[in-house]
Each structure stands twice: as structure tokens, then as C-alpha cells.
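As given, the protein sequences belong to chains X, F, A and R, one line each in that order. All residue numbers for the first sequence refer to the working numbering, where the first residue is 31 and numbers rise by one. All residue numbers for the second sequence refer to the working numbering, where the first residue is 31 and numbers rise by one. All residue numbers for the third sequence refer to the working numbering, where the first residue is 31 and numbers rise by one. All residue numbers for the fourth sequence refer to the working numbering, where the first residue is 31 and numbers rise by one.
Incorrect hints may have been included.
Chain copies aren't distinguished; within one or between two, either way the pair holds.
[What the hints assert, rightly or not] Cross-link-like lysine-lysine pairs, in silico, DSS-like; alpha carbons within 25 Å at most:
(1) K336 / K125
(2) K304 / K125
(3) K304 / K336
To be clear, the hints were calculated from the coordinates, so they are not data collected in a lab. Here the structure is a predicted model, which is why all the values come from computation and not from measurement.
Protein chains: 4
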Amino acid sequence: MSSSIGNRVRVSIFGQSHGEAIGVLIDGLPAGERIDREELQAFLERRRAKTKFSTPRREPDAPEFLSGLVDGVTCGAPLCAVIRNTNQRSGDYGKLRDVPRPGHADFTARARYGDAVDLRGGGHFSGRLTAPLCIAGGIAKQILARRGVTVGAHIEQIAGVRDRRYDPVAVTEADLAPREFPVLDPAVREPMEAAMWEAIRALDSVGGVIECAAVGLPAGLGDPMFDGVENRIAKAVFGIPAVKGVEFGAGFGVADLRGSENNDLYYREGDAVKTRTNNHGGALGGITSGMPLIFRAAFKPTASIKAAQETLNLATGEIEPLEIGGRHDPCIVLRAAPCVESAAAITLLDLMEERG
Amino acid sequence: MSSSIGNRVRVSIFGQSHGEAIGVLIDGLPAGERIDREELQAFLERRRAKTKFSTPRREPDAPEFLSGLVDGVTCGAPLCAVIRNTNQRSGDYGKLRDVPRPGHADFTARARYGDAVDLRGGGHFSGRLTAPLCIAGGIAKQILARRGVTVGAHIEQIAGVRDRRYDPVAVTEADLAPREFPVLDPAVREPMEAAMWEAIRALDSVGGVIECAAVGLPAGLGDPMFDGVENRIAKAVFGIPAVKGVEFGAGFGVADLRGSENNDLYYREGDAVKTRTNNHGGALGGITSGMPLIFRAAFKPTASIKAAQETLNLATGEIEPLEIGGRHDPCIVLRAAPCVESAAAITLLDLMEERG
Amino acid sequence: MSSSIGNRVRVSIFGQSHGEAIGVLIDGLPAGERIDREELQAFLERRRAKTKFSTPRREPDAPEFLSGLVDGVTCGAPLCAVIRNTNQRSGDYGKLRDVPRPGHADFTARARYGDAVDLRGGGHFSGRLTAPLCIAGGIAKQILARRGVTVGAHIEQIAGVRDRRYDPVAVTEADLAPREFPVLDPAVREPMEAAMWEAIRALDSVGGVIECAAVGLPAGLGDPMFDGVENRIAKAVFGIPAVKGVEFGAGFGVADLRGSENNDLYYREGDAVKTRTNNHGGALGGITSGMPLIFRAAFKPTASIKAAQETLNLATGEIEPLEIGGRHDPCIVLRAAPCVESAAAITLLDLMEERG
Amino acid sequence: MSSSIGNRVRVSIFGQSHGEAIGVLIDGLPAGERIDREELQAFLERRRAKTKFSTPRREPDAPEFLSGLVDGVTCGAPLCAVIRNTNQRSGDYGKLRDVPRPGHADFTARARYGDAVDLRGGGHFSGRLTAPLCIAGGIAKQILARRGVTVGAHIEQIAGVRDRRYDPVAVTEADLAPREFPVLDPAVREPMEAAMWEAIRALDSVGGVIECAAVGLPAGLGDPMFDGVENRIAKAVFGIPAVKGVEFGAGFGVADLRGSENNDLYYREGDAVKTRTNNHGGALGGITSGMPLIFRAAFKPTASIKAAQETLNLATGEIEPLEIGGRHDPCIVLRAAPCVESAAAITLLDLMEERG
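Bound conformation, chain X alone (with noise of 0.2 Å):
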């Protein structure tokens, strides 16, 4: 399989960039849960984020839901929903396979699938299909929030920028809250701004990390080895389109701690058992510590930039000039955070539900 994920919940993705519909179905979630609408389709505008530098599609990226609910209430039969693709443009189609985009899924795409193979906007590969993805993400942060738990993301780094840190022990419900512009430290708007100012007026893109946390998780969630809470959540983050890289906790920061430094020593407060430090990033041996789970995501720029590029024409073997027409994003970090945290939410509503 491909575009599916999870051991009880089950998630699984579809559809195509021009395609007539993207969507996802559900399977497994838990029945008599209330999804607000209203709730989900503000996390959903998240993604869209209608800002200055984004280029958002016209369509409204409101889910119609085919099944699961009844009165807006899970029922326990899978949960499908859809998002209709308004202005789907088939155009360039037969051109994009032999003119593969560089930093796209063009070429790698028709070597897997063939001259079949659907690219129009990126088919299947396409970013929007992160919409979906965020329709499952926002159910799954309301059903984990009703039990206590809150996943939150911020944009950590644009083209070297960098917001400050979640504070790995003491990350609050209200530091997850989303934000207009998702940073902790207001003061690095402006510079990440002037950075993709500038990056547009080179016609090209900048690329980021994601910061994202969950607080109010029990401990003793997740397997051993290659089901462990890390396994999973970077099986899922992977999963969104431009992602690079993962870590948690400390991360590739660990490699230069000495285990004195990097060792998280126990204490208990009230009846918890907590860590003084956080560098574990709330995982042990696969497993939740109840400390805050907390990892990064490393988002590379935006592949379509404005600026001439060259590419092979896999047809004649000739290096061809490219352009790229239509509006891009000069950073998707902008509008990744609800992603991440989709990602994030959906493994640990899987994990919740697999303990019973």
C-alpha cells in the first residue's frame, strides 16, 4: 500500500491535484465522538493560509462528508470525506512527463508508475493533498483534546531565521495554541517576512523547520523496536511532502552532549514521575515518558520557483530551459504547521485507541 497509515486508525489518503476530488477515509475511529465543524474547518484555513506570500487555490477546502457521522457524530463505520477540485486545468498535461520539474516527484513518479501516471499540478504527489491529510488531523486533535491531550506546532526556522524553542519541559496547552503567524517569539515575524520578500524578489524559495509538541499524553504509550512512538510519528511525517528530516527532543543535537548533559533525571511532582530535562523529547525506548513529545520537522524550499531553471526533456535527451508559470509559495513552512500536527495527531489518537 501507499497512502495509508495506521494500525487501529487507519488513515488513508486520495486523490489527484486536477483530478475531480481529494479526500480521505477514516477507518477505526472510535464511534460516538462529536466533530465540530466549525472547529475543523478553521484548523483546515490553517493550511490554506491566506497570507501575503501564499497562493492559496480559490477553492474553499470544505469537506463534504460521505459517511461515518450521523448528526455530526462518528458512528463507527469508516468516515470518508471529500473536497471537490474546482478548477481543475489539464492543459500541460502531456508535456509535464517528459519535462520533469527538479526538487518535484515528476520524474520519480513516471519511473514508478509509467507514462500513466497523473502529474497535472503534481497528481497525486501535490501538496494539496495535505488538505485531506488535515481533515483527518483536525478530527483526531479534537477527539485527543477531549482526552486531555493537545498537539500544537510553530514555525521554528524560515531560510535561517529561527523562532525560539518550545520549552521542552514546561510547553503549556496555551504555548500549542494556534497563531496568525505561528511563532513563539513575535519579534521574528519581520525577519522571516523580509526574508521571503527577498526570496520572491529573486523568484525563488526558502525552506524551514516545524516545531511540534503534544502535551497531556499518559506514559507507556507505543512498541518496542519499529512500532515505537518515534517509528510512527516519522513514518507520518515523512509522509508530508517536502520534509527532509526529523527529530526529536534534542535531536541531532545529541551528538554533541556527553550522556551526563543528555540524561534526563527522574523526580516526581504530585503523583507524576517527570524529567528535569526534556532532551528525550518524551520517548524511551519507543515509549511515552508523559513528558512532552516534542520533535521537528525540516521542510525544504519550495521546488517551483519563478526563476529559469534548465531540465532534461526525457523525450528527445536534450537539456531544455524550464519555466514555472503560476503563483507558488516562496515557503510552504508557512502554511506546514497544521500538517505537522496532523501528522503528529492521527499516530497518537492510533496509539490512544490501540491501548483500549
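For this one, chain X is given, so just place chains F, A and R on it according to the hints.
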């Protein structure tokens, strides 16, 4: 499930550090593949790393094959191989459950499995369980080699001392060959060793980074979204104890790149389509491009250190001093390269078998 | 998970009888396969069975394809097809939860999902969910046909009236072709219809048996023990509501045979290895032999009957009379052949794709 | 995969008849469960069936536990148990590949795995592989018993001689207890034995049917469509060599019933909801009703018979006489009851663990 991974070639690992045996079950291996026992043993010895720093157990780690082979050739039936644990001791068992070692899975494992959990020597969470992983990995490497795919790894970093990285577009089989001290630049060995001696003197430990590459892969392996090459390799690599981050190609470095820098331009070389740079690390949209697959994994410093630490006594609720006896590696990164290669190799073989 | 089946080609079914829509998601279909919509529609009509006995809903059951196709050809991305429910009614919903209909899943579904369960018209347990199964089955049949594999089914038994069985060694594609009244021996139609009229007059219903066969399969498909052809087909066929038994080849009849009678002797015909009899039904050790795959499925009589019944009111604890309104098939076996073919076809396509 | 089954409790079987060992790996067993070794051994002895008819190998079938237990109690880590093969012989190996025994998997296994396949004594397809299945089953039965669930089985039929069936509404734990000759009606033993003697005298073998039941199950276990109780049990039971059919409750008998006869009417007994009849066999819509779970499995006559047979020499293309040496059971049904119980028990434990 937990200690099991793979779609078509499924690797399941079992055993506890101080139990009767550790082992691996591999279901779905292609039939008719000769397993070179000497080559496999040499691979396993790389993990045992009898260096002056490390402390291998006395066991020879010679796997016994219980099934799946006839006269040294795979017969298609599930292959089971075990390594006996010869020096089990269980003296301090009861104590362990109440006094979780910082940085280990003692606390989380108990939260997960309750009082019946086996924490002796780390139980099922012990680094010793990487031995059966390497049995599977060594077998996968042999089969992959026959199909023209070579997997290798080196120490990219120990305690802040960095080796050079693989040339992402020109890494060769020779670069991937095993070395006694697995670095590309022999000059970094001395400062790495010095850093480890320093840590030893401080009764402490250090972390590091392993870089892994695979060459010879065809384009078109992998599935979109959640079952791509990166998703699966990350899921496997996070199964190695102490890994806190995984990144592909330019990895977290993409956050500082512009699209025009990060995009890898296509060209043709003979019949092959290649890219002039390889920031994508060999996978786009989860599917192999045919360029070298390159990723790095961050390893935290060994949690077991000789320096005095404190921990919480879960039974009494008191903080108490903790001393960890025995000899422990000051840096598990020394032994980690074959483990990371194994995680990659079993995943790549699975991908190749899936494609048929 | 629940409503999902398959390893490499994964079929997931969603929808409730009185919800917005029912549908199917197929992940892993080979790319480049043209889907003949007319042929598919004709196949779906066989399930709707507009005979004098049956009571199809008004809906045309015309699937809308939301994804996975470009110009009618599979593109490798997950294929989603939906059928709108046009005549949803929800009048008696509340009542249903308290007064489970005998022979239906009302009681068990409520035990499983609690009060939020959707029982309107059977909800996700309705026979109507076999329509999306047949979409998947019809697609699988078209792809299989291009690979030389033909799947068909007939009514082997209704209310004790028996059709002749397929000739297990010589069943042909012609035998497997659809018929208006799907029996092999036209002479059994009249007594079968008479039995159904009699049941209708008695306000009652009757059961039966479907026999299914596939020809053109290569030898060597399937895996031993739990993932063999028989295991997988049984798992799929028991997914059709009302199935209470599945048997392959000589089936339960083997209990009366001696080894010397049951063993199928090998011989060569041209280049092919064949067996002179086919008591094994085309699979030995879970693996296809190349002989016709033959199995039968027993269907219970329609649970919804007009005759007066009693049931337990779960709210009051009292036994009370139950009358089931609406029109119901006196025998679902009439419509079951394409459902059984579908269960077989999706399983066989999965097996063939797995083998590559 | 192949020899592996289960969602939450995953049972994987390995070994070949004439290899080093056979065994089972169980991943996902609940922690803290004491395994009574004597009780397990007694269960395994039932499979060995040292009757006057059967021909057990000399091996004591005493499992060695390599992992997953500490002092006889499950610790949550994967449990691996192995049985050594002490009397491997491999004399006629080469011959076997060319001269497939009728009714065995020799031919299909070779079609699947090629010349490297292990056919010695049936290889991985041997009935001997039911020993590790019974290790898993015996463990599952012990855990189920602590949760109030009892699983048992009896010979319902041998060579046309029928035992009475379980009372579907009133089967008791006593009915399910093991017996030396596992029939409910002692009077059928003599004619069954007579039928077997007759087959032995004719150098032949006979088939039969096993009936299995489980009592004490809660209502609400199982998932709709493809992951229901019946789907899963059928998938497991078809994993036992020689099974050709599986039916639940009234089974194939439903074809002769009217709806008014087949529908099971609800009533209340104390706090429990029950049905007055149990044609549904304990599952409706794939979900347990709380009534006894009842199913039957048809076993073909032993394929290895002493009588002269012919077979095809695949190398020469000639039909040649075949004589099968050694001693073979005239009826494997004698030893099948614990195997069927095991298939049921591992499935039911999986279902219960999934529900949490």
C-alpha cells in the same frame, strides 16, 4: 505489533538481553539465495567492535539457523536465526524496576508492561537486540549485492568531530566498503578517539552521527505518502536504540537553502537520468530517483555512564544516588554503522521484493 | 481495521445504507489499466438483479470516480468511487437500537459501537455495501481478464433445489459467463423460482449456495499457512453479509472420501501440469496449482421477513412483536453471484500483483 | 507475508519438517501472564495423539522458550518457542522435487519457490508445523481461560460416522474439556475406529470434520466486513494443512432453512441478552453476540497413503508409479482438534486484546 517491520520481507526481532537467546525471524525472503556465513559473521563482528573503547560481551554472536535454509541456501520458508545468551545474570533485577536509569527505557517500559517487564540488562530494549537486526541486515546486504545494490555507512560525527560526508553524486562502492575504524577521512580518527578518551576519563559518554548510503538502486522504488522510501527507512532506523533524528540528502540543511540551490537539475549520462547535485538524497515523493540514497541518523550519548547520577526511587518516592556498574561503551556510534546499514538494507530489500 | 482487505492491492469499503454515499477506495491498482465503464455498469446491474423477486432501491448505482483515473485509465494513485444514496430515510432510527431484528447485526453492532451506531437500514452492515465491493470486483475482473484470468459464479442451490456444479477439471470461460438467471442447468430455474414464490407466499425467505470458479491462474500464487489462496478468499467472502460457510474443491464432501479417491493425480497436457480430478479446488498448501480455483459459499435466508416475529426490547426488557416493513428479497442468493465473484477477483488480483 | 497472523497479538510460525527446528514467535502477548508448562505440554500431547492409529515422531515436542518469559511469566517482549527436530533425514530429497505426491503441496510449493524449495517431509507445509501453532494456541487458551473464555473441539465426523454436535445454545465448559478420544457421544468411537481400521487394511485413509466452540465471549468483539470474527477464524483455520471448508453455526445447512427457521430470537436471561437458537453460531455482522461461537472445519483424508498411486515425473514427463513409505496416520482428524482449538484461540485472544 512491535518488533516487526516490512511489507513483503518481514523482519521480526525477539529476545531480551538476559534471556535464553536473541534472534530474528525473516518471512518472505526470496528462495534460492545462498547465505555466505563467513561474510555474515564478518558483518556481525563489525557490530561487536572489539575496539579498545567498547565492551562486547563474551558471546561470539554466532547465529544458529533454525529454519529457512537448506544447505546454506534460502528455501522460501521463514528464516529463523538465534544467538544464545551465555552470560545471563539477574542479580539486581528487582531493584531495577524501582530505580529507573536516566536515559534508558526502564521507566517507560515499566509504564507500558507493568511489573512483569524484563529490565535485566535493558531487556528487549537492550542495544544487544541490534545483533539480530544485523543478522537480517547482513543477509539482506548479500542479496542486494547480487542485484547490484551496495549499502554502506560511516561515522559522520563523534562528539562534535566531523568526518567528511559521502560525495552525494559520486559515492562509490569503494566508499561504502567496511573499514576498521569507519570514517572516510583517516585524519579524523585521532581527534575522535581523543574525544572518547576524554569522555572515559570524565566517566562520561559522547554521541554522534552515522551517515549511510546505498548505490545501485533502480529509479521507481517506493510508494507515495506514507510508504515511501524515506518513511520506511525512518521507521526502521528509529528502531535502533539511541537514534533521535533521521535526515535524508541535505536534511535539516534544507532550512538554509533557497529553492534554486536545493533543486537538483536533471541530465542524462549514457542511458541513465541523473541529477547534478543530490540534495534530495535519492528519493523524491517517497520514490527512488536512481541517485545514491543518502541519510544520516543521530545517536545520543550512551545512557549508561559511570559518573554519579541521581534518580527517583519509584517505590519510596525519594531521589537517591545511582551508580551504574559494569563496563559500557563511551560511544555506541562506534558500533552503530552496521546497525544503520542493516535498517537500510532490510528496507531496500523489502522495496525491491515488493516491486517483483 | 475493519472494512479493508488486501496486501498489495488494498480495497477499503465505506458508507452506511442511509448515509450520504457508499463507496470504495482501492490503493495499489496497477497503473495504465483502462476501466470499461459500460462493462463495469453491466456487472453492477447483475448485483441489482431487477428480477420479479427482488427489490432494488431506486438508485441507479452509477459510481462516480473521484480519483485514480485519468481519461478512464488507472494512473497508480488510489482510486475512489462513490455511489450517492438518494433515498435516505431515517424515521425509525431510535426504535431500531432498542429492538434488534433477529438475524441482523443490529444487536451486535450496538454491542460493538454503543448508542452512536448507525442502524438505519442496517447502516454499514447493510447488504447495500456489496455495491462498492462489486465496483472493486468489477475493476479487478477487467484487469484479470487482460491477464488471462476469468472469474465467474452461479447459483448452486436455492432452498434445496440444486444446479449442477462446475466441471472441476474442465470449467470453461463460457461456463463462467454471466447469465440472466445464473444457473448452469436451465431446468433448475423453474423449481428454484417456485421455491421462492412459495417462500413469498409464506411471508418468508430462503437460503442457498453460490459456486465460484476462476480459470487461467498460473501455478504458484499464494503463501503458505495463513496467507494462502484459501485463507484470503475465505477472509474476503465472509465479508459478504449472510455468508455462513466457505469450502474449496470437494469441500465438506472430503469428510466422506478416502485418500485414494480424494488425491488428484498429476499428468501432463502439452506443457502444462494438470490433475485428472480437482478435489483440491485449485489450491494445495495455500498455493495455486494452475487447475481451476473452485469454491462455494453458503448464504443464509434473508433475515428480514414479513412473517410476524418476536424480539427483545432492550430498553424495557420485554419481548414484543416485531414487524419488518418494506419489501425485501425472498432470497439474496439471486444477487450474490457478482458479490462472490468480486471477493474472489480482488483477492486474485492482489495475489497476482504481489507476485509482480 | 505468509506464516504470520493476527493484528495485535501476532503469531508467526517457522520451520521445516526436516530442518533444525520448528517454532513460533508471538508478538503482542499481554505481559504478566503465567504460562503453565505442564498444562501446555498436556495440550501439545493431545496433538501428538499416541493412539494405535497414529504415528507420532519420536520427538517429545517439548518447546524451549527462548524469549518473552521471565520465570514462566510473559514480560511483554515477543515470545519465541522452538522444538528441535531430532530425526531429520534427507535421503529422498532430490527425487521429491521431480515426483510430486498427489494431494500434497509438493508441486505447488515448487511452482512457488523454485528448485530451492525444501520438500523433505513436506518442508514448511508439513503437518508437523501444527506443533508450533499449538504452542501458540495452548498459551492463548490459558490466557483466555483467565478471562472466562473456554475453547474446545471434538471430532464431529470421521469417514461418514457422525458424533452429535454441540448444543449450540447450551454448550458448557464440561463439553469443551479434552477427552482421550475426543467425541461427545462415546458410542461413536467404535464405528469411527472400525472405519479407520478398514481404511488401514485398504492401505488408504479417511477424512472428517472437527467442530469447535468457544463460550464466555463478550458481545461486541470483531470488526465489520473483512475483519470480523468469522473472517479471521476462517483465515486462521485454513492455515491448518488439509482443511477444505469452514462453516459457522448452521453453516451450509442454512441453504435449506427458511428465514423464519434460521433467525435466532432474542430474549433476556438475567442481565444477559441471549438467543433461543444459535444458527448464527455466535457472530452476526462479524461481531460476537455473546452466544457460543461455533464452527466446523472439514479435513481431507491423509494424502500419504500406502496404496499404489501414479504420479507425473516432472523431469521426464512420464507417469510413473509412486510408493509412499513410512507410517502415516490413516486419519489426521484424530489429531486435529487441538489444532482447530489453537486457530480459534489465537484469533479470539487477538480480538480481545484489540478491544483492550
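Results of checking the hints against the structure:
Taking the shortest alpha-carbon separations for K336 and K125, only the intra-copy value of 18 Å comes in at or below 25 Å, while the best inter-copy value is 62 Å. Taking the closest pair of Cα atoms, K304 and K125 come within 25 Å of each other only across two copies (20 Å); inside a single copy the shortest separation is 57 Å, beyond that limit. Taking identical chains as interchangeable, the C-alpha atoms of K304 and K336 lie at most 25 Å apart only when they sit on different chains, with a minimum of 23 Å there against 50 Å within one chain.
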